[in-house]
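*Asks:* Work the whole structure out from these sequences, hints included.
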Amino acid sequence: SQQGEEDPQALSIQEGENATMNCSYKTSINNLQWYRQNSGRGLVHLILIRSNEREKHSGRLRVTLDTSKKSSSLLITASRAADTASYFCATDAGGTSGSRLTFGEGTQLTVNP
Amino acid sequence: DTGVSQDPRHKITKRGQNVTFRCDPISEHNRLYWYRQTLGQGPEFLTYFQNEAQLEKSRLLSDRFSAERPKGSFSTLEIQRTEQGDSAMYLCASSRGGQPQHFGDGTRLSIL
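Chains A and B supply the protein sequences, listed in that same order.
The numbering used here puts the first residue of the first sequence at 1, with every later residue one more than the last.
The numbering used here puts the first residue of the second sequence at 114, with every later residue one more than the last.
In short, the hints are calculated from the structure, not lab data.
Fair warning: there could be bad hints in the mix.
To be verified - List of simulated lysine to any residue pairs, SDA-like, C-alpha gap at most 25 Å:
| hint | chain 1 | residue 1 | chain 2 | residue 2 |
| --- | --- | --- | --- | --- |
| 1 | B | Lys170 | A | Asn31 |
| 2 | B | Lys124 | A | Lys70 |
| 3 | A | Lys70 | B | Gly153 |
| 4 | A | Lys70 | B | Gln154 |
| 5 | B | Lys124 | B | Asp176 |
| 6 | A | Lys26 | B | Lys124 |
Stated by the list, open to error - Which chain B residues stay away from chain A? Per the calculated CB distances, all over 12 Å, these:
| hint | residue |
| --- | --- |
| 7 | Arg128 |
| 8 | Asn131 |
| 9 | Gln150 |
| 10 | Leu168 |
| 11 | Ser175 |
| 12 | Arg177 |
| 13 | Glu191 |
| 14 | Thr195 |
| 15 | Phe216 |
As the list claims (entries may be wrong) - Partial list, computed: chain A residues near chain B (C-beta under 8 Å):
| hint | residue |
| --- | --- |
| 16 | Gln33 |
| 17 | Gly42 |
| 18 | Leu43 |
| 19 | His45 |
| 20 | Leu48 |
| 21 | Ala82 |
| 22 | Thr84 |
| 23 | Phe88 |
| 24 | Thr102 |
| 25 | Phe103 |
Treat the numbers as computed from the prediction; the structure is a model and nothing was measured.
By construction, the Cβ of each residue, glycine as well, lies at the ideal position given by its N, Cα and C atoms.
*Replies:* This is how it looks when you write it as structure tokens:
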């Protein structure tokens with residue numbers, strides 16, 4: 001079963017606007033990661049935030065993590081048409097799990113030129 | 114870094130047939146993972162190897178599924194007596210230690 005839920009399921013915006021996606025999870029985590037998937041392709045790692053971090057930036061990406069609410073958000077600023085893809089959060093429970101990832105159901109982002 | 118390679122990219126087979134997929138991880142990665150992804154869903158964990166040892170298997174991995182990683186290099190995933198419900202994208206990923214996983218482009222399996 002999936003770890004959590006992502007919100008919204010689909011998001012359509014204009015180029016240049018910001019896109020925010022949210023993710024909730026259920027169990028304790030070692031870290032939370034965001035991945036991107038273009039149609040018919042594999043997943044590409046975007047950013048990792050550890051359980052003791054609250055915010056992290058990478059280029060146009062900003063991720064927040066609230067472990068008390070078991071939630072995370074991904075903000076993409078100044079979006080481009082090339083950002084059109086599905087975005088997934090994934091949790092790593094650490095410990096003996098071998099860093100296997102538990103994914104959410106994803107947000108389909110469409111950026112209109 | 115040549116990336117994770119999966120073969121074939123697409124497989125169409127009749128129900129009841131056996132299929133085998135191959136994954137070649139990034140060469141220095143000691144961990145290898147298999148996931149299954151159905152349309153509109155996130156990937157679901159199937160199994161995980163550290164070097165040649167299969168350390169964990171999901172309950173999703175029924176007796177019809179078997180995975181191997183001889184010599185700790187490439188891995189194969191075999192599905193015996195395929196069923197309609199096996200239709201999915203099968204994704205392989207590799208990593209070194211606790212580093213982020215690198216995914217291949219997957220094998221899309223269609224059962225007729």
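*Asks:* All the hints need checking, so say for each whether the structure fits it.
*Replies:* A quick look at each hint next to the structure:
no.	hint	verdict
1	Lys170(B) with Asn31(A)	holds, 21 Å
2	Lys124(B) with Lys70(A)	violated, 39 Å
3	Lys70(A) with Gly153(B)	holds, 23 Å
4	Lys70(A) with Gln154(B)	holds, 21 Å
5	Lys124(B) with Asp176(B)	holds, 21 Å
6	Lys26(A) with Lys124(B)	violated, 35 Å
7	Arg128	holds, 24 Å
8	Asn131	holds, 24 Å
9	Gln150	violated, 8 Å
10	Leu168	violated, 6 Å
11	Ser175	holds, 16 Å
12	Arg177	holds, 20 Å
13	Glu191	holds, 20 Å
14	Thr195	holds, 21 Å
15	Phe216	violated, 4 Å
16	Gln33	holds, 6 Å
17	Gly42	holds, 4 Å
18	Leu43	holds, 4 Å
19	His45	holds, 4 Å
20	Leu48	holds, 6 Å
21	Ala82	violated, 18 Å
22	Thr84	violated, 16 Å
23	Phe88	holds, 5 Å
24	Thr102	holds, 7 Å
25	Phe103	holds, 3 Å
Going through the hint list in order, the structure does not satisfy hints 2, 6, 9, 10, 15, 21, 22.
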